[in-house]
Amino acid sequence: MKISERDWEQLNALSDGELDALSAQLLRRRIAESPELKAAFETLESSREAVRRLEQPEFSDELRRRLEALAGPAPTTAQIQAKPDLLSMWRQLAASVAATAVIASTVTYMVMAPATASAGIDDLVTSSHRRSLLAATPVDVQSSDRHTVKPWLDARIGISPPAPDLKDKQFPLIGGRVDVIEKEAVPSLVYRHNEHTITLMAIPGAAGTSSPVLVASGGYNVVRWDGNGFNYWAVSDLESQELRDFVNDFRDATSAQP
Amino acid sequence: MDDDRSAELFRSVVMPHLADGLALARWLAGNVTDAEDIVQDAAIKALRAVTRFDGGNPRAWVLAIVRNTAFSWFAKHRPKALVMVGGLAEIDEATYGDEPQPDLGPETPEATLIRRADASMVEAAIAELPLPFREILVFRDINGLSYREIADLLNVPMGTVMSRLSRARARLATRLAEKDK
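As they're listed, the protein sequences go chains A and B.
44 is the number that the working numbering gives to position 44 of the first sequence; each next residue is one higher, with no gaps.
69 is the number that the working numbering gives to position 69 of the second sequence; each next residue is one higher, with no gaps.
The reader is advised that the hints may include incorrect statements.
Stated by the list, open to error - Here are a few chain B residues that face chain A, going by a calculated C-beta distance under 10 Å: (1) Leu-18; (2) Thr-108; (3) Arg-167.
What the hints assert, rightly or not - Selected chain B positions facing chain A (Cβ under 10 Å, derived; list incomplete): (4) Ala-19; (5) Leu-47; (6) Thr-51; (7) Lys-76; (8) His-77; (9) Glu-110; (10) Arg-115; (11) Leu-131; (12) Asn-143; (13) Glu-178.
Just so you know, these hints were derived from the structure itself, not from any lab.
Virtual Cβ for every residue (Gly too), placed ideally from N, Cα, C.
Can you build the whole structure from these sequences, using the hints too?
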């Protein structure tokens, strides 16, 4: 069945996370009511998926050698691989925060000694959470559908953490946004519990997993852990036990994913 | 000193995005061997220009250099292949007038058929897209650029990005569903 050119464009913009929240909501309603639009949207999503599944080329050893020669002798071997900026980001972030901690040798840092990189990041993550609460809306893309939130984040910064909707557990997914931590763009998911907002920041990290650790930062509770190749920070003004429940539900939901 | 500064910027600004550049070049050129040539040329250009990088989006900056280098490379090595660029205005301005949806064909291609398409079919279908369609599809679905970034990179309005991208995907979907029959 035919759909109009304009509708097809709008479906594309929706799939790309490029529609504003209101237009997206109206279009989703129309898709739900129209078998033609629904079929076209499925067609679109499946062909995008087919393209994304393609393997991308890797550098031959020869080209890698030439590029590294161009860059001259590097302090450390420069890595060229898919998205190395994301892989190195966490290290840079930790290093820069550690440097800040050293430079800002204030009483605060002395008292908190040993000032670990994570402690510094807790503060940055908490600040981002606080800023988001002051904004008109804590999300840049509003959706409870991970198929919208993930591509939206992926399109903007090339990072898309797992984004399960935990509505069944009383933690509905509200949407996502991009935060900037030490000049690096990082993805944040936003969940709600009753009237409380939870920011879940996911920074690509090592493949290992670690158990959740609860800390307090700037009047908020923060739980951090590692898993699925991300270092996670969950921040909220929820009671610590409720925030732990959220983290456990999130971890259950993401470990169940293939 | 300038060389040191260039090399340092090259490592921090350019190198992290050359893998994306290689993916772009591969789809523009149609094969990895030519793509590696293009990326190497692009890297040399980027090294020369990197001190003038304005601190904007480094990935879009690198991809723009790769794209421009690819076109220079085509002009030199495949002079005949560029003839179709003249049709660009036609592609954007074509209206749907009498035929409401020529790109999508008489029926919406079935998602189930597309899901069965294997990688070689998808590669062939992308390769068949006219270059202006193909590059936008790659910028979006392989390099992951936003509409805004693509519009800035190509210096075209956002509306043009939307329209070219959606037409590219319509063609691709139609082709994938056909090939699978």
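Hint by hint, here is what the structure shows:
Below 10 Å, beta-carbon pairs count as interface contacts, and Leu-18/B has one with chain A at about 6 Å; its hint therefore holds. With 10 Å as the threshold, the beta carbon of Thr-108/B comes within range of chain A, its nearest partner Cβ sitting at about 5 Å, so the hint holds. Because the beta carbon of Arg-167/B sits about 9 Å from the nearest beta carbon in chain A, less than 10 Å, this interface hint is met. For Ala-19/B, the interface hint holds, since its Cβ comes within 10 Å of a Cβ in chain A; the closest pair sits about 5 Å apart.
At its closest, the beta carbon of Leu-47/B sits 6 Å from a beta carbon of chain A; the interface hint therefore holds under the 10 Å criterion. With a least beta-carbon distance of about 14 Å to chain A, the hint placing Thr-51/B at the interface is violated under the 10 Å criterion. The criterion of a C-beta within 10 Å of any C-beta in chain A is not met by Lys-76/B, whose closest approach is roughly 19 Å, and the hint is violated. Interface restraint check for His-77/B: the shortest CB-CB distance to chain A comes to about 17 Å, outside 10 Å, so the restraint is violated.
Because the closest C-beta pair between Glu-110/B and chain A is about 7 Å apart, less than 10 Å, the hint holds. The restraint placing Arg-115/B at the interface with chain A holds, with a minimum CB-CB distance near 5 Å, inside the 10 Å limit. A hinted interface residue such as Leu-131/B counts as satisfied when its beta carbon comes closer than 10 Å to some beta carbon of chain A; here the least separation is about 16 Å, so the hint is violated. With 10 Å as the threshold, the beta carbon of Asn-143/B comes within range of chain A, its nearest partner Cβ sitting at about 9 Å, so the hint holds.
This hint is violated: Glu-178/B has a C-beta 12 Å from the nearest C-beta of chain A, more than the 10 Å allowed.
In summary, the structure is inconsistent with hints 6, 7, 8, 11 and 13 from the numbered list given earlier, while agreeing with the others.
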